[in-house]
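Chains as they are written, first to last, in the working numbering: chain D, 1 to 228; chain A, 1 to 128; chain P, 1 to 401.
A few of these clues could be false.
Stated by the list, open to error - List time: in silico DSS-like cross-link candidates among lysine-lysine, alpha-carbon distance up to 27 Å: (1) K191(D) <-> K282(P); (2) K148(P) <-> K78(P); (3) K338(P) <-> K309(P); (4) K45(P) <-> K309(P); (5) K45(P) <-> K95(D); (6) K45(P) <-> K191(D); (7) K45(P) <-> K74(P); (8) K95(D) <-> K127(A); (9) K309(P) <-> K282(P).
Unchecked claim - Under 7 Å between C-beta atoms, here's a sample of chain D residues computed to sit facing chain P: (10) N11; (11) A65; (12) L103; (13) P136.
Said to hold, decoys possible - Each pair of labels, with its calculated beta carbon distance range: (14) D124(D) <-> Y96(P): 38 to 44 Å; (15) G99(D) <-> F92(A): 36 to 42 Å; (16) G72(P) <-> S97(D): 49 to 55 Å; (17) A118(D) <-> R326(P): 54 to 60 Å; (18) G99(D) <-> R92(P): 32 to 38 Å; (19) A113(D) <-> F92(A): 41 to 47 Å; (20) A134(D) <-> G22(P): 27 to 33 Å; (21) D121(A) <-> S110(D): 22 to 28 Å; (22) L126(A) <-> L346(P): 46 to 52 Å; (23) G105(D) <-> I73(P): 48 to 54 Å; (24) A357(P) <-> V173(D): 27 to 33 Å; (25) A134(D) <-> R53(P): 55 to 61 Å; (26) G88(P) <-> R189(D): 46 to 52 Å.
The hints are simulated quantities; they were obtained by calculation from the structure and are not laboratory data.
All C-beta atoms, glycine included, are put in the ideal place defined by N, C-alpha and C.
Residue strings, one per chain:
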Amino acid sequence: MTGLALLAAINFHTLLFLLFAGLACGFAIGVVLADNVVRMALYLVLSLGATAGLFFLAGAEFIGAMQLMIYVGGTLVLLVFGVMLTAQAPFVSIKTSTGDRVLAGIVAASLLALLLQAAFSVDDWRRPALGEVAQPSATPLGMALLGARVDDPAAGVPATAARSGYLLPFEIVSVHLLVVLVGAAYLARAKRRRTPRAIEVAASVVEPRVARGAATGSASALVGGGSR
Amino acid sequence: MTFGIDACVSAVFAAGLLGEPVSVTHYLVVGAILFTAGIVCMAVKRNALGVLMGIELVLNGANVNFVAFASPYLRGEGAVSLGLDGQVIALFVILLAAAEAAVALAITLNFYNNHATVDIDRADDLKG
Amino acid sequence: MADFLIYSIGLPEWLAWTVMAGLAAFLILNVIAGGALVFIWAERKIAARIQDRLGPTRTGGRFGWLQSLADGIKLLAKEDLMPEGADGLLFRIAPYVSFCASFCAFIALPFAFDFVGQRLNVGVFFVIAVLGLEVFGVILAGYASASKWSLFGAMREAAQVVSYEVPLGMCVVVPVMLAGTMDLVTIAEKQAGWFTNWYLFHDPFTFVIFWVYVTCAVASVNRAPFDLAEAESELVAGFHTEYSGLRWSFFFMAEYGSMFLVSALAALLFLGGWNGPIPIAKLAGLSEGTSDTAHYLVRLLGLANLLGKATLGVLVMMWVRWTLPRLRIDQVMTTCLKYCTPIAALMFAGAMLWQLALPGGLVPGLSRPAGEIREGWLEGPGGRAARPVAASGKNVAQVQP
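Work out the full structure, taking the sequences as your base and the hints as a guide.
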């Protein structure tokens, strides 16, 4: 095939899929291979952003926008905050021993082989839709979350079958998020410490002889004064 | 230069990639790679936040699978598909992952405040 | 992109799609870049006049309109510095992340009825979601500058932007509820006609929500009284202290782009979008069905309307910046959590109850009839019915007016 004919035969949906899939997988492997935790966070953000693109290509527009807003724009911002708060010099790159990594590599390779074999096994999954498909819309999703199913039944399901709405899981998840909000705020509250951490660390560094001997020395007075 | 591009594009076409439409299998491969990368992250990283990132990757791999099964674009005529249910499952997974990440991060920060490190190999106080 | 049909006759289809996509990207990029140039000049002039002085008066004539160009040339010629302890990759990538987030949100923003990059059914949601991604550029910049003060400034700004997303989302939900869809094109279309059709005048709750939206949007783009991150440059150091030259200008193009975006979003959601206060096109007999030129005239009029409203919003933001004093970080968070969020929630509940109680509007006949508003969810994109309504009687009966 000549150049122009080749270009004309490109399916743009496939091209974009390959682009987003390449980005998602590439950056996921980047997360695994990176040692610097801040770079790992950046690669994860880019990988999940590319996954949102994949969702848009599959017609799940609402889920793609949710992924961008909640996962990337919420959860990962939280994660990056955590990374920044703990990114002191000794913790930014912690290396694992080679033996552990080899073992993990073997397990990962076998798991990947198993999953790929499962992915290629069902013939039905390799036949894509050809021809016109309806425009995606978020309305059936919203109505389903209210308890009313207005979407067409999935192929293979009889039209008169009763389908449940998702009102109850929606309410449960709302209460769950409220509980998580309260719980995380409680866990992360600023606690009153008996001695300030800097002084505790300094006191542990001071030689025991000095700390024991100096009854009225400044070191013990400092430690004694700090604790109630 | 045109010959080089010609050769590349022909090669890619020969591999059957660029011309044919995308099917569920393509998405499942992506999901598998994300899932495996997440598992390796969880197993290998010593930084607690690295383990958290592995968990996020695993959940995303699962989400990609669900969305692929629910998509109307990827299914042939008459094939059984999850339809709306797959999208709703993916939605709830995203919500619950956010909740779980918040709590996990609170625990990690508590650990950091008490032990002055995020290295999970140091979390061995309960070791017998 | 309806224009692609014209080219499809002549050019092969793949080339037509590529050309139109490239054209759309080029136009949007120019809106941001060109807009930034104009807004920087406007800001300097407005700031000057508010402060009782003249502003740039030398470059390019009496009004100094080439000042932005001179600024741009200066920034291009500056030395590209990077602090010693900085992480190279993150330092370099941060401005682009910020700019990409601002630029990508324009993909779903309609400028007139058919002038939209990609008409998404979840348009509003997508725009708000992508706006929230700008915070990554800020955090990366603060961290990669290898300076304690940059990091603190970046964290504060990130906390501010993320906190204000909550009331912003609630404010945006009200017009979505009134229109019945998240599609920005449909929301703006439903406000066609006289200016009383605008959602701003729909009910008092929506009126209050508009002002809460303005506050949250200004805080979200780190402008005016909420610009701690920029102000810290004067006091201590902000997240962009270590950036100079072109990298710095990317941050500011992203900021002006975001300002224009939230103003355009306010115009689309509350102020009628591309519909003017008086329906000139309809009165003059020019409607879409007549001829191609009339078609494009109406579109261009709408485009001018939307650009005018968005520019007005940006100018108001600049005016507020140079008038009000700056808020402290605790005042910023108090405004968000103690004022904006509860007010937004209460007004949302009020708007919902108003819709249930008075579906025809306060003065029946002046606004659009209830049926059109309520049945919005049954329409697919473009206003055509997506499915037969009487499919499953039980479900539909529950939601009919």
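Range agreement (Cβ of R53(P) with Cβ of A134(D), hint 55 to 61 Å): For R53(P) against A134(D), whose Cβ atoms are near 60 Å apart, the range 55 to 61 Å holds.
Determine whether the Cβ-Cβ distance between A134(D) and G22(P) falls within the hinted range of 27 to 33 Å. holds (28 Å)
Does K191(D) pair with K282(P) here, judged by a C-alpha cut-off of 27 Å? Distance of about 66 Å is beyond 27 Å: violated.
Take a look at whether the Cβ-Cβ distance between D121(A) and S110(D) falls inside 22 to 28 Å. With a Cβ separation near 25 Å, D121(A) and S110(D) satisfy 22 to 28 Å, so the hint holds.
Interface hint check: N11(D), Cβ to nearest Cβ on chain P, cutoff 7 Å. Holds or violated? violated (9 Å)
Is the hinted range of 54 to 60 Å satisfied by the C-beta distance from A118(D) to R326(P)? holds (58 Å)
Straight-line alpha-carbon gap K95(D) to K127(A), limit 27 Å: holds (22 Å)
Is it true that the CA of K45(P) sits at most 27 Å from the CA of K191(D)? Roughly 50 Å separates the two Cα atoms, so the pair is violated.
Measuring from beta carbon to beta carbon, are G99(D) and F92(A) in 36 to 42 Å? holds (39 Å)
Checking one constraint from the list: CA of K45(P) to CA of K309(P), max 27 Å. Satisfied? Since the Cα atoms of K45(P) and K309(P) sit roughly 20 Å apart, the hinted pair holds (cutoff 27 Å).
Against chain P, with CB atoms and a cut of 7 Å, does the hint on P136(D) hold up? With a minimum Cβ separation of about 6 Å from chain P (threshold 7 Å), the hint on P136(D) holds.
Distance restraint evaluation - L126(A), L346(P), Cβ atoms, bounds 46 to 52 Å: Given about 48 Å between the Cβ atoms, the range holds.
Consistency with the previously given hints fails for numbers 1, 3, 5, 6, 10, 12, 19 and 26, ordered from lowest to highest.
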